[in-house]
Amino acid sequence: AIRIHTKVLKERMTNEQNKGINKNAKFNNYGSTTTNDVDFESNGDSTHFTTNVSQQHRHQKKKGVCSRMWDTLVFGWFDPLLERGNQVDQLNVNDLELIPMPEHCTTVEICRCFDSAWEKESQRVQSSTTAADGDQKRIFKQPSLIRALFNAYGYDFLKVGLLKLIHDCCIFVGPLVLNGLILFLRDANSKWSTGYWLTLAVTSSQLIMSFCLRHYFFRCFLTGLKLRTAVIHSVYRKTLKLSSHERQTRTSGEITNLISVDAQRLQDLTTYLHALWYSFFQIGLAIYFLWGQLGPSCLGGVAVIIIMIPVSKYIAQTMGRKQSILMKARDERVEKNSEILSTMKIIKFQSWEEPFKAQLASLRKVELNKLLHYVVFNSLSIMLWSAVPLLVALATFATYTLTR
Numbered sequence: 001a002i003r004i005h006t007k008v009l010k011e012r013m014t015n016e017q018n019k020g021i022n023k024n025a026k027f028n029n030y031g032s033t034t035t036n037d038v039d040f041e042s043n044g045d046s047t048h049f050t051t052n053v054s055q056q057h058r059h060q061k062k063k064g065v066c067s068r069m070w071d072t073l074v075f076g077w078f079d080p081l082l083e084r085g086n087q088v089d090q091l092n093v094n095d096l097e098l099i100p101m102p103e104h105c106t107t108v109e110i111c112r113c114f115d116s117a118w119e120k121e122s123q124r125v126q127s128s129t130t131a132a133d134g135d136q137k138r139i140f141k142q143p144s145l146i147r148a149l150f151n152a153y154g155y156d157f158l159k160v161g162l163l164k165l166i167h168d169c170c171i172f173v174g175p176l177v178l179n180g181l182i183l184f185l186r187d188a189n190s191k192w193s194t195g196y197w198l199t200l201a202v203t204s205s206q207l208i209m210s211f212c213l214r215h216y217f218f219r220c221f222l223t224g225l226k227l228r229t230a231v232i233h234s235v236y237r238k239t240l241k242l243s244s245h246e247r248q249t250r251t252s253g254e255i256t257n258l259i260s261v262d263a264q265r266l267q268d269l270t271t272y273l274h275a276l277w278y279s280f281f282q283i284g285l286a287i288y289f290l291w292g293q294l295g296p297s298c299l300g301g302v303a304v305i306i307i308m309i310p311v312s313k314y315i316a317q318t319m320g321r322k323q324s325i326l327m328k329a330r331d332e333r334v335e336k337n338s339e340i341l342s343t344m345k346i347i348k349f350q351s352w353e354e355p356f357k358a359q360l361a362s363l364r365k366v367e368l369n370k371l372l373h374y375v376v377f378n379s380l381s382i383m384l385w386s387a388v389p390l391l392v393a394l395a396t397f398a399t400y401t402l403t404r
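Per the UniProt record's numbering, residue 1 is the first one in the sequence shown, and the count goes up by one each step.
The set of hints was computed from the structure by calculation and includes no laboratory data. Keep in mind that the hints are not guaranteed to be accurate.
To be verified - In silico PhoX-like pairs for lysine-lysine, Cα to Cα no more than 20 Å straight-line:
1) 348 / 336
2) 120 / 141
3) 357 / 336
4) 370 / 328
5) 370 / 322
6) 370 / 336
7) 322 / 365
8) 345 / 357
9) 365 / 336
10) 141 / 238
11) 238 / 120
12) 328 / 365
Unchecked claim - Here are the computed distance ranges between Cβ atoms for each label pair:
13) 332 / 172: 49 to 59 Å
14) 306 / 94: 48 to 58 Å
15) 307 / 84: 51 to 61 Å
16) 108 / 192: 56 to 66 Å
17) 359 / 382: 27 to 37 Å
Keep in mind the model is a prediction, meaning the values are calculated, not measured. Even glycine gets a Cβ: it sits at the ideal position worked out from N, Cα and C.
From just these sequences and the hints, can you work out the full model?
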């Protein structure tokens, strides 16, 4: 028995030694194949190890930040991902590394910028409260989220308005140049060079208008994405710091809606927030040019616009009320859903699936009913605003025909 046990131990030791030799051989082979791909960067007392793959990614990233004007103008930095999608059947998450990521678009930089702005806003409110204490007037103020977001990303958002201004100016270049082309075709003595210049002006205005509009929406979406990232970051950080008493005052449905709904609405708002000024700019220029062509008859279209303002205001206020009711119904449904999921073992043990399923279906039915009301008013608003240009043109030409 001793001899057999000794023989088994020897065989086991021999197998372990062979495994160790194989591991060392594999490690040596791996080291010989990968040492050439590793660079050693010495900076002071520290040494950094970087691979060629990371250097290629860094080179692509640097190239995206310092790309040529043409690549920036036509979004040429997106071509590598399109080429990759043409080569493979399906893209994956790792393929997104082909798109160069500027430093200001990273999550770390976005959150750092917002945290800095929020800290300044908190200090401003604290200093104003301290000044009020000296006057024996205690004023409780909360830091403004809107002010902090504007201080963090407002400058980039305002710069985008210049692109929209150029786009709106190019919109009115087309009708003016078209009027010049009509006069050119009527006059037989006109120079051919005038027609070429007018045609070039139309083409150039359309190209400039297209480029400005695409970059306007891209920059607005980018700013909105930064706002959404900052808000979600702030909500998560605040949620982790809530005390037990504060957690009882906030339901999980409210926190979920803040992240999934409210943050997304804030991102969507940035795309059309510039409409507060460019809508009046477009209306003013349109009235000016129409007055030069039609005279007082253009006031018929202005009357239609004035009539539509209170109608749109009523629809917007109704949509706001419907949305508030919808959010309350959604909070109740999400809260009940979270409650069911957290106590699923007890529900399964007591066979209470059907009663809770009926409660959840009832809450979902109420939510869908409120959602239907909101969608109806939203569709009505879109329909009215889509019909405004047609109604303005109809009223203008009808007034012109009746007054002639």
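Here is how each hint holds up against the structure:
For the given pair, residue 348 sits about 16 Å from residue 336 by alpha-carbon distance, which is consistent with the 20 Å threshold. With a C-alpha separation of about 14 Å, the suggested pair residue 120 and residue 141 falls inside the 20 Å cut-off, and the hint holds. A distance of roughly 10 Å separates the Cα atoms of residue 357 and residue 336; the hinted pair therefore holds under the 20 Å criterion. Of the supplied pair hints, the one linking residue 370 and residue 328 holds, its CA atoms being roughly 10 Å apart against a limit of 20 Å.
As the CA atoms of residue 370 and residue 322 are separated by approximately 7 Å, the hinted pair is consistent with the 20 Å bound. For the proposed pair residue 370 and residue 336, the alpha carbon gap of about 17 Å is at most 20 Å, so the pair holds. Taken as a hint, the residue 322 and residue 365 pair is honoured in the structure, with Cα atoms around 16 Å apart against an allowance of 20 Å. A C-alpha spacing of about 15 Å is found between residue 345 and residue 357, which places the hinted pair at or below 20 Å, so the restraint holds.
Under the criterion of a C-alpha separation no larger than 20 Å, the hint pairing residue 365 with residue 336 is consistent with the structure, at around 14 Å. Taking the CA atoms of residue 141 and residue 238, the gap is about 18 Å. The hint holds against a cut of 20 Å. Of the supplied pair hints, the one linking residue 238 and residue 120 holds, its CA atoms being roughly 18 Å apart against a limit of 20 Å. Only pairs whose Cα atoms come within 20 Å are accepted, and residue 328 paired with residue 365 is accepted, the gap being roughly 13 Å.
About 50 Å separates the C-beta atoms of residue 332 and residue 172, a value consistent with the hinted range of 49 to 59 Å. As the Cβ distance of residue 306 to residue 94 is approximately 56 Å, the hint placing it in 48 to 58 Å holds. Evaluation of the 51 to 61 Å hint for residue 307 and residue 84 yields a pass: the beta carbon distance comes to about 53 Å. Distance hint check: the CB atoms of residue 108 and residue 192 are about 60 Å apart, consistent with the given range 56 to 66 Å.
Remark: the range hint 27 to 37 Å for residue 359 to residue 382 is upheld by a beta-carbon distance near 35 Å.
The structure meets every hint from the earlier list without exception.
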